[in-house]
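Enquirer: For the protein sequence lines, the chains are V and H, in the order given.
Taking this note's numbering, I'd label the letters of the first sequence as residues 1 to 369.
Taking this note's numbering, I'd label the letters of the second sequence as residues 1001 to 1315.
Honestly, the hints are just simulated from the structure, not real lab data.
We put the CB at the ideal spot given by N, CA and C, even for glycine.
Take the hints with a grain of salt, since some may be wrong.
What the hints assert, rightly or not - No more than 30 Å apart at the CA atoms, straight line, and that leaves these computed lysine-lysine pairs for DSS-like: (1) V:LYS180 to V:LYS137; (2) V:LYS222 to H:LYS1093; (3) H:LYS1084 to V:LYS88; (4) H:LYS1093 to V:LYS220; (5) V:LYS220 to H:LYS1084; (6) H:LYS1233 to V:LYS362; (7) H:LYS1093 to V:LYS180; (8) V:LYS42 to V:LYS137; (9) V:LYS362 to H:LYS1093; (10) H:LYS1233 to V:LYS178; (11) H:LYS1233 to V:LYS222.
Said to hold, decoys possible - Over the 10 Å line for every Cβ pair with chain V, so calculated as not near, a few chain H residues: (12) ALA1044; (13) LEU1066; (14) VAL1090; (15) LEU1132; (16) PRO1172; (17) THR1203; (18) LEU1246; (19) PHE1274; (20) ALA1277; (21) SER1294.
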Amino acid sequence: MANSHIRLSRRAMLCGSATAGAALLITGASTRRLMAQNAPEKPREIIVRAWGGSWVEALKAGVSDPFTEATGIAVRHDLTEDNEIQPKLWAAVAQGRIPPIHVNWDTTTNATKSALRGVTEDLSDVSNLANTTDLAKPVGLEGYPIINTYGYVYVLAYRPEAFPDGPPTSWTALLDPKFKGRIALYNDGIGFHFPAQVAGGGSLEDIPDNMQAAWDFIAKVKEQDPLLGEDPDFTNWFQNGEIDIACTISTNAREARKNGLEIAWVVPEEGCKFDTDGLWIPKGLPENELYWAKEYVNFALTQQAQQVWLDGLGLPGVVPGLTPPEDLVDDPSYPTKPEDFAHLIRISAQVQVQNESEWFSKFKEIMQG
Amino acid sequence: MPETNPDFRYPLRWRIMDMAEAIADFLWPRRLSKYTGWLFIMPALMLVGILVLGLIQIADASLRTLDTATYLPSDNWSLDNFQKALGSSVYFKVAWRSLLGAALTTAITLCFAFPYAYAMVRTQSPKVRKALLIALFLPFFIGQVVRAYGWLILLGNGGMVNDVLGLVGIGPVRLLFNYPAVIFGLVQYMLPFAVLMLAPALTAIPTETEIAAGSLGANWLQTLWHVILPMAKPGLVGAGLVVGTLSLTDFAVPAMLGGGSQDFVANAIYDQFFRTADQGLGAALALLLVAVGSLIVGLVFMVFGAGTLSMGARK
């Protein structure tokens, strides 16, 4: 009962914030553009691929609902997994078909693969790009085939009651025998490869040429019988008491905490992987739908939309002047100042794209052994 | 010669039937009647044809390697993906786990399915038969994913089974996310298939045969071993083939109950298609799975015959 109360309150808060955001938008410059007389014909709806759970709720409250209020265009969220929509989009573009979605909310690494394959529209003419920080620009790509919309951190999340002597300070906490069978990682190891490189005694400069330190450390973690899953699994496993400690995106841990669970997280001394997600538009849309899809992306870059969307996710955005949610002020998973990034590991999307398959395979090789 | 009533009119039903016959004759003239059998089998042949076309496309994809600089498949054909698949220790382990899993699931499922099907067929009580059928079909109507999710709830650390174990001072015990959990989930999923395959074979065994064996001095174990099992062999082979092939290619149960570390080949194929975007390697793995599965089925056909799947044809 307590949980449902918290959830309802949060939803109410998100809806309220969305309405406020829409109200602000109606008076803003963006709306003047959205209401422009010479705008192309509006489609009945646009389809935005999104992650489910708290992720889509936040997008809906911060971006989609206010966009619909401002334009009258309904926004439908397609919750197909990002990895599963990718081959469908690639096939649609290759076959000259209209793609199944208008906007893809994607990891920057996945989006970069699509950009390299040439299936993304150029978004350089999105007007609100002028108000964004450097984080919005994809590294190593020409123009803006993707626009990064926020950053996130793969933290070490833990149950405080499992750490009576204080929070863990190192990723080596995963090797504590008392946590055998009670730790969790992503099933391809994403987010863990780089901290494992440091925790295993290696250097970040050696990535991608020599990652033996990472593989050695991951092999030790394997001895601890970790559970391997996706975003929703972490929240479920914490809630069901299956795990005590995990490498996961702070949003998942925060969601579990909002559901009434005692969960905390740290950035250990070896550092945490920092990465970005973004929005992109597949090629092949009719002209008018492309226009309105770009307007959706443009709207997602307004300060009002970013504030509400990213308050829901608990993540730092790409527009200056955003206020961190109360519970994340000075939190290491919500970096805002240059010094906040000192303990965060950022590897270029290009290096990740070119080596990710190999890293995933190596991780699988160890974990399936 | 009988007089015809001038007011007589054909009943409406006759006229409709005449019209239907005329339309059928127009669409499929009588001279083509010797091909009518082919006409009926045509949709199935077209379906198989589409599958074959898909396999050809997969074969084409399997010969193209991924260029990670452009994320496009190569223009040229090569056997690199097959070499990678066959030379990798991880795929060897996953393949072995899948084969062993399929074998264990088949053996355990048949052990459970046989007495269930026998009781269902031989019981004199219609109520018991109905109860057994309902118990069999209820989970059958629930999808595989939902059933696996149900096991996550029941067998989890905070689940009902651990609650019961806790009452006697045991646990909590990790019952999920390991190989036995995957086999358990597969057996539970496959049981209705096996029972449904076995029931017709057991029905075909006359009760009198068992009575005759008993009258000649055989106890129930001897009757089972020397009479029922040999006569039920076609059903056992058919059920074993269905359960074995479905288990070998299963995706959802290893993914959900294996905790990410108990992948079967289907999970490895999914990873290549959807996680690393290497469709060529995924296609190569898919073709190898088809080849191994077909080889095993072929061997079973050679050694045991096709069982009930032979549809009464001689071996």
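Enquirer: Each hint should be assessed against the structure and marked as holding or not.
Expert: Outcome of the hint check:
| no. | hint | result |
| --- | --- | --- |
| 1 | V:LYS180 to V:LYS137 | violated (41 Å) |
| 2 | V:LYS222 to H:LYS1093 | holds (16 Å) |
| 3 | H:LYS1084 to V:LYS88 | holds (25 Å) |
| 4 | H:LYS1093 to V:LYS220 | holds (19 Å) |
| 5 | V:LYS220 to H:LYS1084 | holds (26 Å) |
| 6 | H:LYS1233 to V:LYS362 | violated (45 Å) |
| 7 | H:LYS1093 to V:LYS180 | holds (23 Å) |
| 8 | V:LYS42 to V:LYS137 | holds (28 Å) |
| 9 | V:LYS362 to H:LYS1093 | holds (14 Å) |
| 10 | H:LYS1233 to V:LYS178 | violated (50 Å) |
| 11 | H:LYS1233 to V:LYS222 | violated (44 Å) |
| 12 | ALA1044 | holds (27 Å) |
| 13 | LEU1066 | violated (8 Å) |
| 14 | VAL1090 | violated (4 Å) |
| 15 | LEU1132 | holds (34 Å) |
| 16 | PRO1172 | violated (8 Å) |
| 17 | THR1203 | holds (43 Å) |
| 18 | LEU1246 | holds (22 Å) |
| 19 | PHE1274 | violated (4 Å) |
| 20 | ALA1277 | violated (6 Å) |
| 21 | SER1294 | holds (25 Å) |
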